[in-house]
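Colleague: Take a look at the letters that make up each chain.
Number of protein chains: 2
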Amino acid sequence: MVDMKDLVSLCKRRGIIFQSSEVYGGVGSVWDYGPVGVELKNNVKRAWWKANVYSRSDMVGLDASILMHPKTWEASGHVASFADLLVDCKKCKKRFREDKLKGKKCPECGGGLTDSRRFNLMFKTAIGSVEGQSTTIHLRPETAQGIFLNFPNVLNASRKKLPFGIAQTGKAFRNEITTGNFTFRCREFEQMEIEYFVRPEEDQKWYDYWVNERFNWYINLGIDKKNLKLRPHEKDELAHYAKSCHDIEYNFPFGWSELEGIANRTDFDLKQHALISGKELVYFDEETKKNIVPYVIEPSGGVDRAVLAFLIDSYNVEKVKSQKRTVLKLHKDLAPIKAAVFPLLRNRPEIVEMAQKIVKDLAGDRYVVYDDTASIGRLYRRQDEIGTPYCITVDVQSLDDKKVTVRDRDSMEQDRISADKLESALIEKLKEA
Amino acid sequence: MVDMKDLVSLCKRRGIIFQSSEVYGGVGSVWDYGPVGVELKNNVKRAWWKANVYSRSDMVGLDASILMHPKTWEASGHVASFADLLVDCKKCKKRFREDKLKGKKCPECGGGLTDSRRFNLMFKTAIGSVEGQSTTIHLRPETAQGIFLNFPNVLNASRKKLPFGIAQTGKAFRNEITTGNFTFRCREFEQMEIEYFVRPEEDQKWYDYWVNERFNWYINLGIDKKNLKLRPHEKDELAHYAKSCHDIEYNFPFGWSELEGIANRTDFDLKQHALISGKELVYFDEETKKNIVPYVIEPSGGVDRAVLAFLIDSYNVEKVKSQKRTVLKLHKDLAPIKAAVFPLLRNRPEIVEMAQKIVKDLAGDRYVVYDDTASIGRLYRRQDEIGTPYCITVDVQSLDDKKVTVRDRDSMEQDRISADKLESALIEKLKEA
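For the protein sequence lines, the chains are A and B, in the order given.
Mapping of the first sequence onto numbering that gives the first Met the number 0: residues 0 to 432, in sequence order.
Mapping of the second sequence onto numbering that gives the first Met the number 0: residues 0 to 432, in sequence order.
Among the hints, erroneous ones may be present.
A pair holds if it fits inside one copy or across any two, identical chains being indistinguishable in the list.
With a straight-line cut-off of 20 Å between C-alpha atoms, the simulated PhoX-like cross-links for lysine-lysine are [said to hold, decoys possible]:
| no. | residue 1 | residue 2 |
| --- | --- | --- |
| 1 | K160 | K224 |
| 2 | K331 | K90 |
| 3 | K99 | K356 |
| 4 | K70 | K89 |
| 5 | K49 | K356 |
| 6 | K159 | K11 |
| 7 | K331 | K4 |
| 8 | K323 | K402 |
| 9 | K49 | K331 |
| 10 | K356 | K92 |
| 11 | K11 | K278 |
| 12 | K159 | K359 |
Hints were generated in silico from the structure; no laboratory data involved.
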């Protein structure tokens, strides 16, 4: 398995992930996605959207805001419960999570500790400009509540029948105490969440369905099954809103850790918002002519964690003719760059021109790049390191036979393909498993 | 031109845009995108990304974080300058922007006003959990600075030569005093920004190029040229960092207003960050063997404003057989749903089955929906209102001849097409202008 140091180094060198505000020494546990990383992250989100919205007739999308009405977090229980118990060292003033401490003394300096206090993980800010009238508002700690508040509006506009879901990707923020492990635990992160509304009596059936569905999504996108496992939550670790929860865990280099949680949130959130707002958040059942409050099954995944798992799982170091080859064997749907085009000789204008024309023909609908800034061997190595499935080389012979060499990332086998059939060949190849 | 009230009503009814946290009375100038709106917004961003990243060899993408190091905003000038001058009424305590006041008395109650004070538009929050060690940090008021700070990392990873650009879409936040006009001026909004780095002596050439390029982008996506104009900034309205700026203005129902600004930011930002951080933010010129600080041309557009302009510009009310037809004649690349499939008779299982199979075959890579919850006339009307280019109807005859009726949104003409040729026909039709 890849050493995290090697992965972090690759991510910086190849433009996948950078430390945020690095020139100023960084911001703790906040990360930026570089030119290659933004494509990978967008491809992960797009694959999720295709699987969960475009391929299903029982799901619609949503893009709710980060800033929400303050009552939201009272109703959801986040104001009261979304907190860690912290203790301070009386001597060195360092702060620790009580549940992570092994003894009753400061692990840093051995000093005495204060009693524990609750520290809420939500970021606070103030909205509005009128003195005395500005309102404290939180950055959402989960995207889910934007879905619950929009339940009546979405229901009206979409006319969906139970069971149906609302899917959303977007940023969320948590002022975490324990951070680290690269992008695994971020203070600013992106979620991909589904709230799937079902008849209360069918909750277990749909819960089982979604646990299975989401587990297979990762496998279908190339994660090795032996690096994934399902872990049911113990009763005492369940969130305040959950009847049951399974984590999909990935075998990260720093240990098995949560990639996604599938929770049965019951009717907790809809009922709470109805209670606090005085509005109806119900579904009218045509059969019984009665209003019902649906139960909710929530598959909640982290985009950054998924990206990290896909990077780790696809990372391979191979020996090729006694040379080391680092290659990301990413699923083709996730590969940031679909093809790279090289001129074998960059001082031959006809070859350069033909290569650039190929890029122009292939690019636009997908990400295809041109590179001539190194020898072919090094250009292959660069593209292997970012998981580009195909490298296309234009050589002297191409000028005569109008064929180019297409090299496969994984097998390293080379094909000669007519330049005028390249687009259709690439489209076919990108669909192959 | 569409009345804003009609548009707001359509947006709510059809799931395009909802008021944020509506069940709690809303959050001022913050909006949520519904099932149809999220598709439109994503399509706008994707069209922008395809035009500016995938179709160009001189541009790469980026996805930087919302939370950035506090020094960023000192260097950029936002801490000192990103403020409105506000006055308070001594009597009714209301607050006003000084530059919007016509007299020296309170426009609400006629009371006397205080002296003006600076009110910074950035949202503040605190990061970190250690008492006395938490840091005040801002929500970014523009995505641009994430690009400037990543200039050295992107340059290293991408090996681009001048001129080249970095493109980014993402959320930004401004605690606006004057809000309103639906989604035009939001406190939480999304930007699509390019920072295009050029040799200082070539700034004017590239400035002119980008003004033209961006103006045409809107036209290519269907905005009527007569509803767009370029407005050069007067010297006294230029931002502190800008040598020159043109606004692309759209003829909104509430008046000509900014859709996008193209600014020559010179070397202001890179130099400021170098000064404050002590790091080098330079480009090594292979020709002269010297470091240079590039000038920057910045096309900065608002995603929400673009969405609003596309909605307004495509909104048409027509008379068809003495009936009113409301139709969004959106560019096909922007249309939220590419095709809708209806069974003419929903009580005939073979027809329903055939219609659902067509959805299954067409959906996945694109958004195609099934609907049988109303009469055909009403189903057409619904899809017209959200700009679906093609409606596909399965009727009794379809069971025999395996052909279906494909209706064109704009001409309302109907074609009979073989079900097995539907996908290729749709792909072709979606490419047509």
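Colleague: Each of the hints needs a verdict: does it hold here or not?
Modeller: Structure-based check of each hint:
no.	hint	result
1	K160 - K224	neither (34 Å within a copy, 43 Å between copies)
2	K331 - K90	neither (54 Å within a copy, 66 Å between copies)
3	K99 - K356	neither (59 Å within a copy, 54 Å between copies)
4	K70 - K89	neither (36 Å within a copy, 31 Å between copies)
5	K49 - K356	between (31 Å within a copy, 17 Å between copies)
6	K159 - K11	between (45 Å within a copy, 16 Å between copies)
7	K331 - K4	neither (25 Å within a copy, 46 Å between copies)
8	K323 - K402	neither (30 Å within a copy, 57 Å between copies)
9	K49 - K331	both (15 Å within a copy, 19 Å between copies)
10	K356 - K92	neither (63 Å within a copy, 65 Å between copies)
11	K11 - K278	between (49 Å within a copy, 17 Å between copies)
12	K159 - K359	between (43 Å within a copy, 18 Å between copies)
Figure legend: structure checked against the earlier numbered hints; hints not met, in rising order: 1, 2, 3, 4, 7, 8 and 10.
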